[in-house]
Amino acid sequence: EAGVAQSPRYKIIEKRQSVAFWCNPISGHATLYWYQQILGQGPKLLIQFQNNGVVDDSQLPKDRFSAERLKGVDSTLKIQPAKLEDSAVYLCASSPRLAYTGELFFGEGSRLTVL
Amino acid sequence: TQLLEQSPQFLSIQEGENLTVYCNSSSVFSSLQWYRQEPGEGPVLLVTVVTGGEVKKLKRLTFQFGDARKDSSLHITAAQPGDTGLYLCAAYLIQGAQKLVFGQGTRLTINP
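The listed protein sequences derive, respectively, from chains A and B.
All residue numbers for the first sequence refer to our numbering, where the first residue is 1 and numbers rise by one.
All residue numbers for the second sequence refer to our numbering, where the first residue is 1 and numbers rise by one.
Among the clues, some could well be false.
[Unchecked claim] Just the calculated beta-carbon pair ranges, DEER-fashion: (1) Phe10/B - Lys44/A: 11 to 21 angstroms; (2) Ala68/B - Gln17/A: 39 to 49 angstroms; (3) Gly40/B - Leu84/A: 17 to 27 angstroms; (4) Ile38/A - Pro81/B: 25 to 35 angstroms; (5) Glu14/A - Pro39/B: 20 to 30 angstroms.
No lab work stands behind these hints: they were computed from the structure.
Idealized CB from N, CA, C, for every residue including glycine.
Please work from the sequences and hints to get the whole structure.
Structure follows, in structure tokens:
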């Protein structure tokens, strides 16, 4: 079974530029998550989708970050304009369904460096 | 303020030693998970604990969920270099959206 696919793996941009990350979850997984992991810290949830609807986006900086999950499958996370503090690894994860004991399956992440 | 506090944040020990990592909170959780993350990869689930007082074993790793479902520990017996990595506890809040929140992690290094 194919895992969660993310691209690009690495991206370097200047501040105020824009960037987009793509995620393809495990086939059949209804729930998709975007986490931000700053170096030395644990992952922080940015947004959570159930199919193509948003379940939680309370920690998404909506003035610069946006995310969509068209057709309830793959997802795109966009940052515009980027700030220095956005330098982090952006992790996408999926799970079969919403559940209080559900395992999350993570991709390898997209590492963003903002100069 | 971290909802889940892990300690220690860094731990470096010799191969063969035992160690315990802690995950604490003032909140009650419906379940708690431990993940391990290696450089350049995403976290991978090790275990899920659901019942207060529950103990689960995975080879040399022993996981315990506190009686009040507010804390957990991970104990490794006879640590090996392959145990090196970032250990993350994560928990589902008991109310509200079913979102998984993570601690800041414990970076473990096992020296040969």
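What are the numbers of the hints that this structure violates, sorted from low to high? none
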